[in-house]
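Q: Listed below are the residues making up each chain.
Protein chains: 2
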Amino acid sequence: MGNVGQTDLHDLNEPIINHSEGQLFLSEAFKIIVEEVLCKGTDVNEKVCQWKEPEELAALLDLELRETGEPQHQLLQRIKDVAKYSIKTSHPRFFNQQFGGVDYHSLAGRFLSETLNTNLFTYEVAPVFILMESEVLRGLRLLVGWTHGDGLFCPGGSTSNMYAMNLARYQLFPEVKSQGLWGLPRLAIFTSPESHYSVKKGAAFLGIGTDNVILVKVDDGGRMIPEDLDEKIKQAKSQGAVPFLVSCTSGTTVQGAFDPLDHIADVCEKHKLWMHVDAAWGGSVLFSKQHRHLMKGVDRANSVAWNPHKMLVAGLQCSVLLLRDTTNLLKQCHSANATYLFQQDKFYDVNLDVGDKSVQCSRKVDCLKLWLMWKAVGSSGLAERVDKAFVNVRYLTEKMKKREGFQILREPEFVNLCFWYIPPMNCLDHTPVIKERMMKQGSMMVGYQPLGNKVNFFRVVVFSPLLSTKDLDFFLNEIERLGNDM
Amino acid sequence: MGNVGQTDLHDLNEPIINHSEGQLFLSEAFKIIVEEVLCKGTDVNEKVCQWKEPEELAALLDLELRETGEPQHQLLQRIKDVAKYSIKTSHPRFFNQQFGGVDYHSLAGRFLSETLNTNLFTYEVAPVFILMESEVLRGLRLLVGWTHGDGLFCPGGSTSNMYAMNLARYQLFPEVKSQGLWGLPRLAIFTSPESHYSVKKGAAFLGIGTDNVILVKVDDGGRMIPEDLDEKIKQAKSQGAVPFLVSCTSGTTVQGAFDPLDHIADVCEKHKLWMHVDAAWGGSVLFSKQHRHLMKGVDRANSVAWNPHKMLVAGLQCSVLLLRDTTNLLKQCHSANATYLFQQDKFYDVNLDVGDKSVQCSRKVDCLKLWLMWKAVGSSGLAERVDKAFVNVRYLTEKMKKREGFQILREPEFVNLCFWYIPPMNCLDHTPVIKERMMKQGSMMVGYQPLGNKVNFFRVVVFSPLLSTKDLDFFLNEIERLGNDM
Ligand SMILES: Cc1ncc(COP(=O)(O)O)c(C=O)c1O
Ligand SMILES: Cc1ncc(COP(=O)(O)O)c(C=O)c1O
Numbered sequence: 003m004g005n006v007g008q009t010d011l012h013d014l015n016e017p018i019i020n021h022s023e024g025q026l027f028l029s030e031a032f033k034i035i036v037e038e039v040l041c042k043g044t045d046v047n048e049k050v051c052q053w054k055e056p057e058e059l060a061a062l063l064d065l066e067l068r069e070t071g072e073p074q075h076q077l078l079q080r081i082k083d084v085a086k087y088s089i090k091t092s093h094p095r096f097f098n099q100q101f102g103g104v105d106y107h108s109l110a111g112r113f114l115s116e117t118l119n120t121n122l123f124t125y126e127v128a129p130v131f132i133l134m135e136s137e138v139l140r141g142l143r144l145l146v147g148w149t150h151g152d153g154l155f156c157p158g159g160s161t162s163n164m165y166a167m168n169l170a171r172y173q174l175f176p177e178v179k180s181q182g183l184w185g186l187p188r189l190a191i192f193t194s195p196e197s198h199y200s201v202k203k204g205a206a207f208l209g210i211g212t213d214n215v216i217l218v219k220v221d222d223g224g225r226m227i228p229e230d231l232d233e234k235i236k237q238a239k240s241q242g243a244v245p246f247l248v249s250c251t252s253g254t255t256v257q258g259a260f261d262p263l264d265h266i267a268d269v270c271e272k273h274k275l276w277m278h279v280d281a282a283w284g285g286s287v288l289f290s291k292q293h294r295h296l297m298k299g300v301d302r303a304n305s306v307a308w309n310p311h312k313m314l315v316a317g318l319q320c321s322v323l324l325l326r327d328t329t330n331l332l333k334q335c336h337s338a339n340a341t342y343l344f345q346q347d348k349f350y351d352v353n354l355d356v357g358d359k360s361v362q363c364s365r366k367v368d369c370l371k372l373w374l375m376w377k378a379v380g381s382s383g384l385a386e387r388v389d390k391a392f393v394n395v396r397y398l399t400e401k402m403k404k405r406e407g408f409q410i411l412r413e414p415e416f417v418n419l420c421f422w423y424i425p426p427m428n429c430l431d432h433t434p435v436i437k438e439r440m441m442k443q444g445s446m447m448v449g450y451q452p453l454g455n456k457v458n459f460f461r462v463v464v465f466s467p468l469l470s471t472k473d474l475d476f477f478l479n480e481i482e483r484l485g486n487d488m
Numbered sequence: 003m004g005n006v007g008q009t010d011l012h013d014l015n016e017p018i019i020n021h022s023e024g025q026l027f028l029s030e031a032f033k034i035i036v037e038e039v040l041c042k043g044t045d046v047n048e049k050v051c052q053w054k055e056p057e058e059l060a061a062l063l064d065l066e067l068r069e070t071g072e073p074q075h076q077l078l079q080r081i082k083d084v085a086k087y088s089i090k091t092s093h094p095r096f097f098n099q100q101f102g103g104v105d106y107h108s109l110a111g112r113f114l115s116e117t118l119n120t121n122l123f124t125y126e127v128a129p130v131f132i133l134m135e136s137e138v139l140r141g142l143r144l145l146v147g148w149t150h151g152d153g154l155f156c157p158g159g160s161t162s163n164m165y166a167m168n169l170a171r172y173q174l175f176p177e178v179k180s181q182g183l184w185g186l187p188r189l190a191i192f193t194s195p196e197s198h199y200s201v202k203k204g205a206a207f208l209g210i211g212t213d214n215v216i217l218v219k220v221d222d223g224g225r226m227i228p229e230d231l232d233e234k235i236k237q238a239k240s241q242g243a244v245p246f247l248v249s250c251t252s253g254t255t256v257q258g259a260f261d262p263l264d265h266i267a268d269v270c271e272k273h274k275l276w277m278h279v280d281a282a283w284g285g286s287v288l289f290s291k292q293h294r295h296l297m298k299g300v301d302r303a304n305s306v307a308w309n310p311h312k313m314l315v316a317g318l319q320c321s322v323l324l325l326r327d328t329t330n331l332l333k334q335c336h337s338a339n340a341t342y343l344f345q346q347d348k349f350y351d352v353n354l355d356v357g358d359k360s361v362q363c364s365r366k367v368d369c370l371k372l373w374l375m376w377k378a379v380g381s382s383g384l385a386e387r388v389d390k391a392f393v394n395v396r397y398l399t400e401k402m403k404k405r406e407g408f409q410i411l412r413e414p415e416f417v418n419l420c421f422w423y424i425p426p427m428n429c430l431d432h433t434p435v436i437k438e439r440m441m442k443q444g445s446m447m448v449g450y451q452p453l454g455n456k457v458n459f460f461r462v463v464v465f466s467p468l469l470s471t472k473d474l475d476f477f478l479n480e481i482e483r484l485g486n487d488m
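These protein sequences, in sequence, are chains A and B. Last residue of the first sequence? That's 488 in the working numbering, and every number before it is there in order. Last residue of the second sequence? That's 488 in the working numbering, and every number before it is there in order.
Wrong hints could be hidden among the right ones.
Cross-link-like lysine-lysine pairs, in silico, DSSO-like; alpha carbons within 27 Å at most [stated by the list, open to error]:
#1 Lys234/B with Lys54/A
#2 Lys234/B with Lys298/B
#3 Lys442/B with Lys42/B
#4 Lys33/B with Lys42/A
#5 Lys333/B with Lys348/B
#6 Lys348/B with Lys49/A
#7 Lys49/A with Lys401/A
#8 Lys348/A with Lys49/B
#9 Lys49/A with Lys219/A
#10 Lys456/A with Lys348/B
#11 Lys54/A with Lys442/B
Which residues of chain A face chain B? A partial, calculated answer using Cβ under 8 Å [to be verified]:
#12 Glu66
#13 Phe101
#14 Phe113
#15 Lys202
#16 Ile216
#17 Thr255
#18 Val256
#19 Met441
#20 Ser445
No lab work stands behind these hints, which were simulated from the structure alone. Beta carbons: idealized from backbone N, C-alpha and C, even for Gly.
Assemble the whole structure, with the sequences as input and the hints as a guide.
A: Here it is as structure tokens:
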């Protein structure tokens, strides 16, 4: 194979990339990807991670960028190396994050999106995806219980949460868009201490400030207490603040708790506040007839953030903001009417040009992968994934209860199971030690954290459609094995 | 091939996705993608777009999401349909946007990123990419002229611009993070009327307000006038505002103008303002020995936004924010210290966990595609692409000057060429008419817009490494043909 990147002798009036050489390279790369990431990377006889210290890894990868290019065979070797030393997030023993696993239809959709390389701002450059995004949003909104509304794919749930804040603020005080916050009274946001940190990040970014995020008490299960919410709202008002948004969580990050939406909706209605539901993690229960009751009352919210890249295995990133609004608030709040993109004298209906609803300009096509996966397995197939996850977590919980040394934090409400493993040779804080061994041996990955006054515990999340009970048994045995080595 | 998505009979204790069936599907999809998007999609004998009215297209695509899944052959047909009706942005006759073309090394990197499906927040889940991102940022910073500094890949240049605003604000008033804007004096941002609309969007989103974005006059070429900047800053101060940021542009969206950075740096120093350079479009000139003078003075800036997904053909999205700062401002400004991700008792150097520098939580791996492409052609190969683009725009300009009916707006400073085509049978505003015909025939795509008091003109951007002078001749002939049909 020649060197596609050879640079010395090109006639600059001619193309300097060769399609057939390029396509050959891509085919070779595709084979490596399938072999290394999809076959080996999901094989239980292979490691989840090849732990290397940063200095060693940097040396192995030879990351430096140089003046001249490299031959094709060397580039293919680089692809192998990147695959080799990367974490195998599709591996059945990867329990570390709220994403993982692999769905092949979604992956095909991702390859297609990448190759089509377009931008979701105008019907002109993305006719298929403008219509598709709208249909996928409609499908998700119907699950929330809204026959009408609006929405957008965002680069992550954190961004969706920020959008909700900005919309709520704009609805109450439209002048904020032009004048900023100075003319306004101090605004206040309400959320639980177990909500995702993006609520605070968003408040800081939007100029509201983290001090104006008021934390509402939670019950033993980590669920927001509506009575305390009511109390805190009154208190804030009495201190001269203007409450404008409650950010509830459906499926908290650590414990997987569902805030009681119906009761919170009552409080929001009473005080006329925007009700946002951060269902980035838990939203997928809406597919399941059996489990959707966890989000009862969600249809009373003003906005919902939901990440199909988590539980539905749609692939990073796939994240939507759904709105009940039918007054075009999203566009009014975010539009800048740039004439180079959003000309009003176009020959088609310019309402199709949704780009101005976003604070991004170029915006990735994140709908295709979800659409294709949904077409492939249907709503019933997605429901099944959710049901399976609950079956798995139940299995794991029951087994854990019967085993010496395991202590669960509480009965899981969702697919997060938080637990300690206390080795026979007790030491003070063993969780990080077990974790270090796990990583260095590469056998498995699971996350840990402290919470309030509770010392470090593991949080295992079991949602991948690729899991079997064998993997869960392995999980338990492996924790024991690593812990007992102390 | 069986139906991977068949859902009725699954044992939920077992995996419900089959790897070998899935991999077979992916291979079939890959073949279609290569054939339809990369072969046909770049063939000059094929159309750039298959124009359909929205209703017709929606019907053709059968977008609706249903309860049950579909068989594999039907899903493969759907992939074909999506490809067929999507815009061929890699086609040599796609001149419509500041992205387009295809680089096969980058594309291979994108497939690999998608398959590895990880998140750029911790060394734990992204060891390779944490190190790689840092190296790519270092390489880009060196081109700016900084041996030290910081930075981050962001989901687009608009986000990079917002980050710069937030950092500048935080540096001046760190209390904004906790207290919001209420305690602060009214802040003011300075930019030219030809800057990208994301500056205004960002100001609105951050609670600063679009009225506090003060527009500085430009010269005939669309470049900010430093004397007017100085004037406007003084004026704002006298009206009680606190100027804190100047957002210059290197390569404006429409005209491709470069603001005089060195002179602006003098003004910023004098008034102690944060100097941000929005080089989303123009930044790539830094690779070229011949053209990097356009950004002279950029090393005096505090931050630079640069989108390799535009001129360097790295693929959407690939967008960096570069910082001169060495005090960890990015992390201080954005961190939330979530204990479930950023535990401080980890067994490795937690400074590698860069996720808390971002306001996102999950963040896509956008560095690999650029790294692989850079490794493939070297800095010299990327420089060559920039030089080629300038050669192409010169060619097009000279030809246009010699042809009847073409009138250029001004001599291009960069690779944007703005022009009118005035058909012999003159009509009032023919640009949108030519555009409509072009789209409906699908022969070519180029954007248009008005500017100030100038009526609609075309903006052609020529940067794709896949272009030949034949394509440029075609462009001229086609504009003539479409225009003369009136
Ligand atoms: C409850 C919750 N909300 C929001 C997020 C943030 O989503 P993203 O990572 O897509 O920004 C997460 C991610 O872990 C989450 O668990
Ligand atoms: C000068 C300039 N800045 C910023 C942007 C926005 O970049 P993005 O689309 O990646 O948000 C653009 C895009 O056209 C641009 O031309």
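Q: Sort out which numbered hints this structure fails and list those numbers smallest first.
A: 1, 9, 11, 16 and 20
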